[in-house]
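These protein sequences, in sequence, are chains S and X. Residues in the first sequence are numbered consecutively from 1, following the working numbering. Residues in the second sequence are numbered consecutively from 1, following the working numbering.
No lab work stands behind these hints: they were computed from the structure. Source: prediction; values computed, not measured. Heads up, some of the hints might be wrong.
Listed below are the simulated SDA-like cross-link pairs for lysine to any residue, each with C-alpha atoms no more than 20 angstroms apart in a straight line [as the list claims (entries may be wrong)]:
1) X:143 with X:375
2) X:146 with S:226
3) S:277 with X:162
4) X:146 with S:125
5) X:146 with S:252
6) X:137 with S:267
Residues per chain are reported as follows:
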Amino acid sequence: MKLEGQVRIPSGCAIAAVISKEGSRMSGEMITNAMKPMHDRSNGLGGGFAGYGIYPEYKDFYAMHFFFNDRAARKDCEVFLKERFEIVQSERIKTRKIPAITDEPVIWRYFLSPLKSVLTSMQMDEKEFVANTIVKINTEFKGSYVFSSGKNMGAFKAVGFPEDVGEFYRLEEYEGYSWTAHGRYPTNTPGWWGGAHPFTILDYSIVHNGEISSYDANRRFIEMFGYKCNLQTDTEVIAYIMDYLLRVQKLTLEEAAEVIAAPFWSTIADKSESERKKLTYLRTVYSSLLITGPFSIVFGFNGGLMALNDRLKLRSMVVGEKNDKVFIASEEAAIRVMEPDVSKIYAPAGGEPVIVRLKEGTF
Amino acid sequence: MSVEFVNPEFEVIRNDNRCIACRVCERQCANEVHLFDPDRGIILSDESKCVNCQRCVSLCPTRALKIVKNECRLRENANWSDSTIKEIYKQANSGGVLLSSMGNPNPLPVYWDKILINASQVTNPSIDPLREPMETKVFLGKKPDKITRNEDGSLNCELLTQLELSMPVMFSAMSYGSISYNAHASLARASKELGIFYNTGEGGLHEDFYCYGENTIVQVASGRFGVYEDYLEAGAAVEIKMGQGAKPGIGGHLPGAKIVGDVSRTRMIPEGSDAISPAPHHDIYSIEDLRQLVFSLKEATEYKKPIIVKVAAVHNIAAIASGIARSGADIIAIDGFRGGTGAAPTRIRDNVGIPIELALASVDQRLRDEGIRNNVSLVVGGSIRSASDVVKAIALGADACYIATAAVLALGCHLCRTCQTGKCNWGIATQRPELVKRLNPDMGAERLVNLMTAWQHEIKELMGGMGINSIESLRGNRLMLRGIGLTEKELEILGISHAGE
Ligand code: SF4
Ligand code: SF4
Numbered sequence: 001m002k003l004e005g006q007v008r009i010p011s012g013c014a015i016a017a018v019i020s021k022e023g024s025r026m027s028g029e030m031i032t033n034a035m036k037p038m039h040d041r042s043n044g045l046g047g048g049f050a051g052y053g054i055y056p057e058y059k060d061f062y063a064m065h066f067f068f069n070d071r072a073a074r075k076d077c078e079v080f081l082k083e084r085f086e087i088v089q090s091e092r093i094k095t096r097k098i099p100a101i102t103d104e105p106v107i108w109r110y111f112l113s114p115l116k117s118v119l120t121s122m123q124m125d126e127k128e129f130v131a132n133t134i135v136k137i138n139t140e141f142k143g144s145y146v147f148s149s150g151k152n153m154g155a156f157k158a159v160g161f162p163e164d165v166g167e168f169y170r171l172e173e174y175e176g177y178s179w180t181a182h183g184r185y186p187t188n189t190p191g192w193w194g195g196a197h198p199f200t201i202l203d204y205s206i207v208h209n210g211e212i213s214s215y216d217a218n219r220r221f222i223e224m225f226g227y228k229c230n231l232q233t234d235t236e237v238i239a240y241i242m243d244y245l246l247r248v249q250k251l252t253l254e255e256a257a258e259v260i261a262a263p264f265w266s267t268i269a270d271k272s273e274s275e276r277k278k279l280t281y282l283r284t285v286y287s288s289l290l291i292t293g294p295f296s297i298v299f300g301f302n303g304g305l306m307a308l309n310d311r312l313k314l315r316s317m318v319v320g321e322k323n324d325k326v327f328i329a330s331e332e333a334a335i336r337v338m339e340p341d342v343s344k345i346y347a348p349a350g351g352e353p354v355i356v357r358l359k360e361g362t363f
Numbered sequence: 001m002s003v004e005f006v007n008p009e010f011e012v013i014r015n016d017n018r019c020i021a022c023r024v025c026e027r028q029c030a031n032e033v034h035l036f037d038p039d040r041g042i043i044l045s046d047e048s049k050c051v052n053c054q055r056c057v058s059l060c061p062t063r064a065l066k067i068v069k070n071e072c073r074l075r076e077n078a079n080w081s082d083s084t085i086k087e088i089y090k091q092a093n094s095g096g097v098l099l100s101s102m103g104n105p106n107p108l109p110v111y112w113d114k115i116l117i118n119a120s121q122v123t124n125p126s127i128d129p130l131r132e133p134m135e136t137k138v139f140l141g142k143k144p145d146k147i148t149r150n151e152d153g154s155l156n157c158e159l160l161t162q163l164e165l166s167m168p169v170m171f172s173a174m175s176y177g178s179i180s181y182n183a184h185a186s187l188a189r190a191s192k193e194l195g196i197f198y199n200t201g202e203g204g205l206h207e208d209f210y211c212y213g214e215n216t217i218v219q220v221a222s223g224r225f226g227v228y229e230d231y232l233e234a235g236a237a238v239e240i241k242m243g244q245g246a247k248p249g250i251g252g253h254l255p256g257a258k259i260v261g262d263v264s265r266t267r268m269i270p271e272g273s274d275a276i277s278p279a280p281h282h283d284i285y286s287i288e289d290l291r292q293l294v295f296s297l298k299e300a301t302e303y304k305k306p307i308i309v310k311v312a313a314v315h316n317i318a319a320i321a322s323g324i325a326r327s328g329a330d331i332i333a334i335d336g337f338r339g340g341t342g343a344a345p346t347r348i349r350d351n352v353g354i355p356i357e358l359a360l361a362s363v364d365q366r367l368r369d370e371g372i373r374n375n376v377s378l379v380v381g382g383s384i385r386s387a388s389d390v391v392k393a394i395a396l397g398a399d400a401c402y403i404a405t406a407a408v409l410a411l412g413c414h415l416c417r418t419c420q421t422g423k424c425n426w427g428i429a430t431q432r433p434e435l436v437k438r439l440n441p442d443m444g445a446e447r448l449v450n451l452m453t454a455w456q457h458e459i460k461e462l463m464g465g466m467g468i469n470s471i472e473s474l475r476g477n478r479l480m481l482r483g484i485g486l487t488e489k490e491l492e493i494l495g496i497s498h499a500g501e
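Looking at chain X on its own, in the form it has when it is part of the complex (with noise of 0.2 angstroms):
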């Protein structure tokens, strides 16, 4: 071959003694990796087409496939690695922004698993979820700062509208045209079912989910797709989005191709343009800006609906959750650095933001530092993996988290980080027909209740053994984490103590 060629990453591995030449994988694979070769009778492959999804793998009826790491390597060198050198051949083939998606892959710190939980012993009871009542309830949004009363005296008990969830956990936004409308329809039942909300994405709602308006969050981010009064009535609560974690600074690209029937319709835009949001809002250029926007929000929705505002992690995090909170948002979302995304330049994926976890920390201080943190609630998302994420971050301080890579993984994702191709094997983050529907959407509902259901037993257990029977007596309790080879200044902003300690 020629200096063009860059030597693929996967290798695929066929155990000829199982094939039986049934053409499946040539069937399931939309990367065209499988071909049948009638001559011969066998089956071939083009290993530089394979992204690794499994699909090939998982289907196969007699487990003949395997796909793994090409063994055919450059010269190690620590400098440069095998990936970056890749990267510059790609770069010197195309002269383009390298793309990716999903969350950031670098072996960076994780601080989840740099904090451990407590639990009681000796001289304070744990309490066994199964026999007492373990509470997981939330409601996010402002609390009044000061009671009043009625004429008779008795407390006057309206709120502003609240969030009610059954557990602290909601599935955070993947526009429909980034994903597929079986996918949304499996967050929108599960949702229902579970108590919980989903959020639509800056892709619009499709007529079909408005039925799901209670358990949804629709959003409003600087394409402005899809916003009209309908859709933001239909939504529970309103979300503007001013970041992504896992592209803060820049906006979103769904290429024309994508962009047909329902996706045009959805979105309101002609079939195949380019949907194109810009990297900030136009109309919002500083923090009165934004106040603008919550408030003719709130008009429009005759402040029934809680405005969410959503930002990245950035470095400046904390100042800038204090600026929002003052703005009148009832919520504030904020995704760090490794959170999941249907597309992002690769640099800007893999360098810009902070993460969640400190984002958090400093967050949440700040904003107590200053009284303001019952004025509102705190969401947190951009890599929560399992039940103990989520319970770490609630006593860091989160009223709730988002998530989605951990969504789509129930759905089928196999986390092959190619979603920007519009190929999703899985049947996920594509607008194929032919690939949308192998994802059954009753499947899918069903899978992410299950998803849930068991994280919801798991955080009851996790508080259950640190004496904790309801969430609210978690949240901001750091004293209840420790920290695992962590230096001085990151216990300090994680305000947590070391273990031992």
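Pulled out of the complex, with its shape left as it was, chain S reads as follows (with noise of 0.2 angstroms):
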């Protein structure tokens, strides 16, 4: 049987998010709750979370999460990480070990610094350096993946129910300013790790629940920029779609929503005309990154989250609010495990971004 990667595997899925405005850090243990109400929506094959602000002592350092096959594999990456990053630290991630998860993989966490004369040498800035070292790492070392990049964040996912794979990652030891987390229901059961979500690129995490008609366009339009598809999945490639308008064609979020959630021709021809010539100009330069199809997402990035629905919304979404807190869920009784006492509660629209940062000076 083909595993993830050398097929496309469809699925359906349950997210969850909460963010505090205020940067206030919430330990892992309430996300890891919110997943238990939507146990129907996984299927056991995978789930995964990502937290944010949860290596405050490392935040200068990039924080890679790898798993590797095994030992062989760790040592034989390891040799080329050194020839590009200074490792600040190396060591395995820490887990309980629960009947509910098993054959685990090695699973590796490095904080790293990019090597100044490398850089130079390969002019590149130091985010499109990392996003390249993981490109390269992903596609030709065999055995050897990484699942997160970022600073100050990090990404934990696993074959199992999400409420376990919480449980096994001892998430309730982390403490972030924004969580967001995912259940998989995928329709094959290759059940690898790597293909669970959060799927990450730097700091850019997403969660995501659907099935995306506009993949291969997608796809093929986005390799064309030096990202490489790898795991086939809807998640990784609406990840690198966002990577590519923010990072690389510095889009703002409310832009970047406007290319892959695009409103209908109908829609743009009632607005006013500076609106409508700007949603013309997104929607023809970027034609072949609007994404059709049900999906709802949850974009994290340091700093901030960003729920998103197709346009024709095709999949649940709702969003509390409770003082400085935002909580964004497939349904809405997990959001009433994370508070009881949520105080506005409302379905977004299809296509309008829910965008939510941090105070100025928090981060």
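With the hints in hand, could you dock these two chains into one complex?
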């Protein structure tokens, strides 16, 4: 049977997220619990989390989380890493043995700082360099897989139900100002850890519920710019699209949302002239990055979150608020677990981004 | 008869019980097949002249006529087919190059028919085009690599001019001269009504049609007929014709007999002189010369109009297209070997060039490998026969399709493949006034609008089935396609998996 990456596997899902605008730190327990009432939206073949602000003591270094098939793969990859980075810290990621999670690979964490000399000789800016390194490792190093690589953030994922994955990774021991979570329902059973979500690139992470119909149009376009969609998942291609639009093309988050969930031409026609010009421009220039088919995503980045639905709103997604906290989930029940006393609850319209940023100065 | 006699291809069967000798067929047949015999009060047929255009069959009031394949055949031979032998007889008679028209009729693989389209089941929903918006609008032209911002931080939304199409189909080049005034009028009117474009071909633009300029692509071919400032100004885009799928590597020849009246004025050449387009453009012997022509045309039109470069699909098409993309062209049009023509040497039509499906797949992939796919739009033609061909072409990577044969079929063409004689009984490929007037441009335009509207519905339905509600998400979406009965190599070139995979 073919593994994820050799074949495209459709899947349904559950997502949840929480952020404190004041930047107050929450342990990973809350988000783990939020996934429990949505148990039936996953089938035990993938769960994962991303936490932001979790490594304050190493916040200036790239935190790279790896899956290695074995020790040899790690040693091999480390030689390569040393050619490009100063390794500030190298450690096994602490896990808890539980019966629900089995067959774990070697799960490792590095805090890294790119070697200035290599950066200059490759004539790349730092982020491009790190992104490029990850693509290289994930494509060329058999048995090594980078699944998280941003600063002061980290992804944690495994084959299993999300609540078990949270327990496995001891998320209650981490504290972050924002968390996202994902439970997966793939229609096929290769059960590969790398295939679980969130998918990340640098500090960007994506959790996604849906199956996009534009996948190959998006993939073939984005691969023109050095990305390689090794996993063949929606989440991966959406993460690359966001990276390309935000980091490479320097669009704002709002503009990026207007590209991937572009309004219908009929809606654009009704807008004011300047809006119309802008929307037409974005839709024309980035037409191949429009995403169709059902999706609800939470896009995490250093300093905030963005939740977005496809323009027809073919997947459920609700948003709740309480004081400085904003909650997002596929189902209201998940929000009620995180905050039983939530003050405002609403379902954002299709294609309408919900962007939450930390208060100025908190980050 | 003698050795020169070539057994006619068709037989005219007249049901005497039905024929009332009204002589309609006699008047309708420009090939003079039917002849009234006053003595016997019956109609006779000279089948040697029949081209099976079905005009008489369609107009006979008592439906007394039938044109069938002549059963009288040479002894069967798998190597020496009937048509091969007859061609030899004809050449032995005339000493000339064989001419024919319309597209390659030989049973070579039609890849469209070996590609199947996907649909959503369970894991994601299909979309009902009757209930939800379904978008087919396309913009053709160069897109910028990077955005720029104004001083206040807002996006600078100036784009190089784009062609806006309501659906990804346009009428491809057919010159005035090769087809009639009424055929051109039909195409122009329909394009305007549909919000798409038609293409003048290389024969200039008749003064009556300047008013359709917004929906017109004006062509500049090697003969440069009818090209002057106002002509370039008149169109929405300018197309440089480097080649044509039906006859790659050769030019065109419109006999002096067709260069009469308006045709001569529009082409800006004397009446009765042959209009010969040379095989190459004599100012383009290499890719850097093409770049110069692209930019001279851009200069002449003040950079307000996209420049299209049209080439025939030939062996090295991917490299050629990549060169064109870097020459400053905004749109590349590729014409496959099955594309139609008003006249082409038979040997060339039937043996030169490659199928558009393979050309498109390799060009699209090459432009992506080089990271320049967004710098240029791709339009493909050369036998796009239906809405599903369009959907498959877009999913392989085209931005839009060119159709011509399908358009003339809508106008009444019965694909008799003898356009080169200028005696088209359907008023399309002819300049004889009594024949031209058989095509009513109001009806012609309406039928073209009908055809395109029907295709648009079908495209939307196919898209909806795949859960795609905007045509741009279909473009290059090869995962939506599967091959059937194709070899590994063919699948590899098409960039698709086999059905069942
Ligand atoms: S050429 Fe056309 S009109 Fe004339 S006999 Fe044949 S089918 Fe009829
Ligand atoms: S255009 Fe006229 S002559 Fe040409 S194939 Fe069609 S019917 Fe025959």
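So, going through the hints one by one against the coordinates:
no.	hint	verdict
1	X:143 with X:375	holds, 5 angstroms
2	X:146 with S:226	holds, 16 angstroms
3	S:277 with X:162	holds, 14 angstroms
4	X:146 with S:125	holds, 17 angstroms
5	X:146 with S:252	holds, 14 angstroms
6	X:137 with S:267	holds, 14 angstroms
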